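Peer 1: So the chains spell out like this:
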Amino acid sequence: MKNNKPIKISGAEAVIRSLLAEGVDLIYGYPGGAIMPIYDELYKFQDSLQHILTRHEQGAAHAAQGFARASGRVGVAIATSGPGATNLVTGIADAQIDSTPMVCITGQVASHLLGSDAFQETDIIGISTPVTKWNYQITKASEIPYILAKAFYIAKSGRPGPVLIDITKDAQFEKINFKYEHCIGIRSYKPVPDLDIDSIKDAAEIINNAKKPMIVWGQGVILGKAEELFKQFIETSGIPAVWTILGLSAIPTSHPLNKGMVGMHGNYGPNILTNECDVLVAVGMRFDDRVTGDLENYAKQAKVIHFEIDPAEINKNVYADVAVLGDCRDSLEKIIPMIKKGSHVSWINRFDSLMEIENEKVIKKDMFPKKEGLTMAESIKAINKYTKGDAIIVTDVGQHQMVTCRYANFIKSKSNITSGGLGTMGFALPAAIGAKMGAPNRQVIAVIGDGGYQMTIQELATIFQNKTAVKIVVLNNDFLGMVRQWQQMFFDKRYASTKMLNPDFVAIAKGYYLDAERVSKRNELDAAVSRMLSSDKPYFLEICVEKEANVFPMIPTGASVSDIRLS
Amino acid sequence: MNTKETYTISIYSENNIGLLNRISAIFLKRHINIESFSTSLSEIENVFRFIIVVNMDPDQIKKIILQIEKQVDVIRAFYHTDDETIFQESALYKVKSSSLFEERHIQNVIKKSHANIVTVSPEFFVIEKTGFRNETESLRRDLLEYGLLQFVRSGRISVTKSKMKISEILNTFNKK
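Those sequence lines, one after another, are chains A and B.
Counting in the working numbering, the first sequence runs from 1 upward without gaps.
Counting in the working numbering, the second sequence runs from 1 upward without gaps.
Hint data in this document are derived by calculation from the structure and do not stem from the laboratory.
If you're wondering where the values come from, they're calculated on a predicted model, not measured in any experiment.
Honestly, I wouldn't trust all of these hints.
Pulled from the structure, derived: some chain A residues nowhere near chain B, Cβ distances all over 12 Å [what the hints assert, rightly or not]:
#	residue
1	118
2	158
3	177
4	198
5	231
6	235
7	253
8	333
9	365
10	464
11	487
12	504
13	518
14	563
Restricting the straight-line Cα-Cα distance to at most 27 Å, the calculated cross-link-like pairs of lysine-lysine (DSSO-like) are [stated by the list, open to error]:
#	chain 1	residue 1	chain 2	residue 2
15	A	385	A	467
16	B	62	A	201
17	B	163	A	190
18	B	29	A	316
For each residue, glycine too, the CB sits at the ideal point set by N, CA and C.
Produce the entire structure from the sequences given, and follow the hints as far as they go.
Peer 2: Have a look at this one:
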């Protein structure tokens with residue numbers, strides 16, 4: 001059937017045909033009363049549109065996010081009205097702050113019941129407004145094709161984000177003449193600002209004359225599919241480059257100009273040198289407070305050049321001497337020919353010598369511990385050994401996340417999937433399901449703490465039912481480790497509600513019929529990781545790590561980046 | 001530097017029910033009090049205009065405008081100081097009719113204020129006054145002693161001295 005020939009179908013079928021027209025072949029969701037007409041159509045279309053039943057709507061939202069982050073496509077999650085819709089909200093908020101393209105479709109009570117406090121009625125439009133890029137309630141089936149076309153256009157264009165479309169039950173039943181046209185523009189919405197060649201020239205001149213320049217890149221490089229251009233940009237200019245947590249994996253870990261992570265648990269050199277560089281070039285990043293620390297003492301000595309797609313980010317936190325608006329793929333392409341071939345040998349040596357200090361004070365102890373207990377870092381080292389950097393690593397939130405991002409090796413882009421801005425515990429397990437389905441040929445490893453794991457542990461059933469070959473590593477310290485670390489450092493070791501009495505995680509995984517094992521000894525670690533990674537099935541590995549270890553370096557909240565602590 | 005000033009924000013937008021919520025959330029999230037808020041059709045068919053009055057730092061207002069413009073359904077947002085706009089507010093005053101006849105002085109108050117009498121009934125009469133805040137406010141104070149039964153003041157409405165160029169923006173889109 002051609003999409004442009006009108007046919008008479010139900011609103012629910014129109015939803016499915018709209019999704020197919022957008023190239024969607026996989027969605028995540030959970031059925032319920034107000035979305036049953038759509039599920040009925042999903043049953044009929046199951047050959048062309050696969051639906052993955054998660055065990056909680058939050059799982060559906062995070063799975064859609066994981067899918068989007070691994071594949072670069074729009075993730076789709078659907079749920080019923082009321083609690084189904086509100087359970088999506090955490091995933092939507094996460095997608096909003098981490099700029100993940102996602103379309104959520106929720107059922108709603110019939111339009112004549114709106115506002116009557118009907119069964120499972122909730123104002124999801126009102127609730128989701130602050131955490132969506134756009135949202136809309138459909139009450140007439142005739143709106144479905146063009147509103148869904150608009151939803152996909154908004155979700156993926158410009159700075160991506162989540163869109164929620166709420167559809168009343170009567171609109172799902174109503175018959176319409178269906179005709180689908182892709183959205184190609186909205187008059188009130190300019191997804192990508194025009195390139196200003198003068199700002200690019202100004203930026204090039206400053207970069208060419210810089211003595212101690214530093215590049216900080218973020219997820220914009222990945223979202224803009226600008227990894228190759230970015231690599232050319234740093235190689236031509238010879239400028240050391242450092243990353244925010246969401247920028248990780250855009251260029252390989254081993255790239256000689258990749259000098260590590262900035263921010264609260266970032267590397268020593270990048271943080272210290274932020275306050276010594278003469279030019280700071282920010283590419284597709286938004287100066288989050290976890291990156292900048294105290295803004296009054298952040299790169300005050302430097303000229304700041306900010307490559308950014310979202311005009312609202314310019315001067316929001318850090319004043320930009322030169323703002324280069326636009327998609328960084330376009331602006332990098334324009335600026336590269338203007339950049340003089342450069343090298344900054346002695347400046348780069350500063351990064352290397354500070355890395356040597358970090359290595360002595362922190363990394364050696366983490367990676368090659370003399371103590372008996374296993375560390376999180378050596379668990380990641382074991383993963384690196386067998387993946388050779390070629391795996392998607394999905395992390396949750398907390399100590400394990402910081403350790404993984406610090407130590408995991410990457411050779412391909414879109415390989416680091418984590419909840420950055422929102423810091424959503426419970427993200428990793430469902431996001432890993434989505435990532436594996438979005439990149440089925442890649443090894444996907446979820447690294448999770450024992451706390452976050454239990455927030456969405458029910459998704460083990462989704463893994464079992466769909467035979468999703470994700471590898472789950474729980475780094476278990478029987479604590480909410482990051483909070484415990486703060487309690488130790490800033491609250492005189494008053495461990496309020498951070499000690500966890502945990503269940504038998506291996507038995508639980510086995511209860512879901514997954515292969516599962518536990519290690520707690522150093523001499524068993526490599527073999528266990530190897531067994532897990534060579535399995536072609538889902539696999540659970542619990543690694544019992546030292547209980548009261550801390551993540552360093554660390555910039556205490558409110559302190560300056562240059563006050564980073566090594567212990 | 002950070003001294004607060006009164007700004008009139010003008011937002012041109014599509015007619016989307018949810019937009020009001022989206023815009024008020026931008027202020028709510030940052031604890032910015034909205035002094036006055038009004039919305040109506042604009043000079044362009046199907047384009048709506050919000051007029052919002054706020055007290056803010058000069059730095060803060062620029063960021064707020066960008067956050068507002070970031071909303072998909074917003075065409076453009078502008079901010080202006082009082083010098084750059086022509087603005088008015090309307091007020092209605094409901095007073096006991098008896099005072100009009102018993103208190104001769106009230107007639108002078110009304111005459112002096114250039115207010116209009118909208119309606120008169122045996123029980124009450126209603127006065128309308130359009131002007132600056134201090135003008136509607138001083139009439140309110142003057143009428144208090146004669147038994148003000150009801151008082152209401154509208155949000156600010158304003159037009160700018162400079163051109164808005166919304167039609168041009170929309171035309172550029174249509175040409176693409």
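Peer 1: If a hint holds in the structure, say so; if it doesn't, say that too.
Peer 2: Hints versus structure:
no., hint, result
1, 118, "holds, 19 Å"
2, 158, "violated, 10 Å"
3, 177, "holds, 24 Å"
4, 198, "holds, 20 Å"
5, 231, "holds, 30 Å"
6, 235, "holds, 33 Å"
7, 253, "holds, 34 Å"
8, 333, "holds, 22 Å"
9, 365, "holds, 42 Å"
10, 464, "holds, 39 Å"
11, 487, "holds, 29 Å"
12, 504, "holds, 44 Å"
13, 518, "holds, 45 Å"
14, 563, "holds, 26 Å"
15, A:385 x A:467, "holds, 26 Å"
16, B:62 x A:201, "holds, 25 Å"
17, B:163 x A:190, "holds, 21 Å"
18, B:29 x A:316, "holds, 15 Å"
The earlier numbered hint that this structure contradicts is number 2, and it is the only one.
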